[in-house]
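Q: So the chains spell out like this:
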Amino acid sequence: GAVVSQHPSWVICKSGTSVKIECRSLDFQATTMFWYRQFPKQSLMLMATSNEGSKATYEQGVEKDKFLINHASLTLSTLTVTSAHPEDSSFYICSASGSTNYGYTFGSGTRLTVV
Amino acid sequence: GENVEQHPSTLSVQEGDSAVIKCTYSDSASNYFPWYKQELGKGPQLIIDIRSNVGEKKDQRIAVTLNKTAKHFSLHITETQPEDSAVYFCAASRGSSNTGKLIFGQGTTLQVKP
Chain W
1 GAVVSQHPSW VICKSGTSVK IECRSLDFQA TTMFWYRQFP KQSLMLMATS NEGSKATYEQ
61 GVEKDKFLIN HASLTLSTLT VTSAHPEDSS FYICSASGST NYGYTFGSGT RLTVV
Chain Y
1 GENVEQHPST LSVQEGDSAV IKCTYSDSAS NYFPWYKQEL GKGPQLIIDI RSNVGEKKDQ
61 RIAVTLNKTA KHFSLHITET QPEDSAVYFC AASRGSSNTG KLIFGQGTTL QVKP
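Protein chains in written order, with this note's numbering: chain W, 1 to 115; chain Y, 1 to 114.
Treat the hints as calculated values from the structure; they're not laboratory data.
Among the hints, a few may not be true.
Calculated cross-link-like contacts (lysine-lysine; reagent style BS3-like; alpha-carbon spacing at most 30 Å) [what the hints assert, rightly or not]: (1) Y:Lys71 with Y:Lys57; (2) W:Lys14 with Y:Lys42; (3) W:Lys41 with Y:Lys42; (4) Y:Lys68 with Y:Lys113; (5) W:Lys64 with Y:Lys42; (6) W:Lys66 with W:Lys55; (7) W:Lys20 with Y:Lys68; (8) W:Lys20 with W:Lys64; (9) Y:Lys37 with Y:Lys57; (10) W:Lys20 with Y:Lys42; (11) W:Lys14 with W:Lys64; (12) W:Lys41 with Y:Lys58; (13) Y:Lys22 with Y:Lys68; (14) W:Lys64 with W:Lys41; (15) W:Lys66 with Y:Lys42; (16) Y:Lys22 with W:Lys55; (17) W:Lys41 with Y:Lys22; (18) Y:Lys57 with W:Lys41; (19) Y:Lys113 with Y:Lys57.
If we take Cβ atoms under 10 Å as the criterion, some of the chain W residues that face chain Y in the derived model are [said to hold, decoys possible]: (20) Val4; (21) Ile12; (22) Phe67; (23) Ser108.
Short, incomplete list of chain Y residues facing chain W, as computed with Cβ under 10 Å [what the hints assert, rightly or not]: (24) Tyr32; (25) Tyr36; (26) Val87; (27) Lys101.
Please read these numbers as outputs of a predicted model, since none were measured by experiment.
Ideal Cβ positions, reconstructed from N, Cα and C, are used throughout, including at glycine.
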């Protein structure tokens, strides 16, 4: 089946610094990748959708200059949280879909803590 | 905009009993309805899905039913086991080629008591 690898699994950073999260599709070509944010005991909220080689489409209320998304290849997408603040602390999850019938495959998530 | 409502928010059952979680969706163009199980600190894992051209799908102890007219779909877990305890999410998408965005329900915390 399809596998998506997400790294790091957890990260602690200081307020004002930037953090990059990677999402890789290991055995299929991910034409579309999705980034979600999940606060404790809440649902997954879609932040943005990216297609390989194109600019990401952000959901309403998500700051595109703060959450930089790059999808430069069919197997890799990155999310960079710039100038992180404590309120950015959350669980970030990527999902990839491609030309197979595997549907949407999710990464294992990244726990970001900003101190 | 698109919306998916999920009920109940919490569900407690005795081991061996059945559990049912229900969702409704607002976007009539939705055609793909997956269910995910999420354990603490992990990403969601697909447990079953159904497409709009099918009314019911079953995989061992898990089944999903879809009523397109009413825009309802439900997850049924029979013979529940303690390891079924987790948070379950329904979702809906209009992407026939799996490129449409997934809209998630609010989640149901299922507790199976031994």
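Q: Sort out which numbered hints this structure fails and list those numbers smallest first.
A: Violated hints: 4, 7, 16, 21 and 22; rest satisfied.
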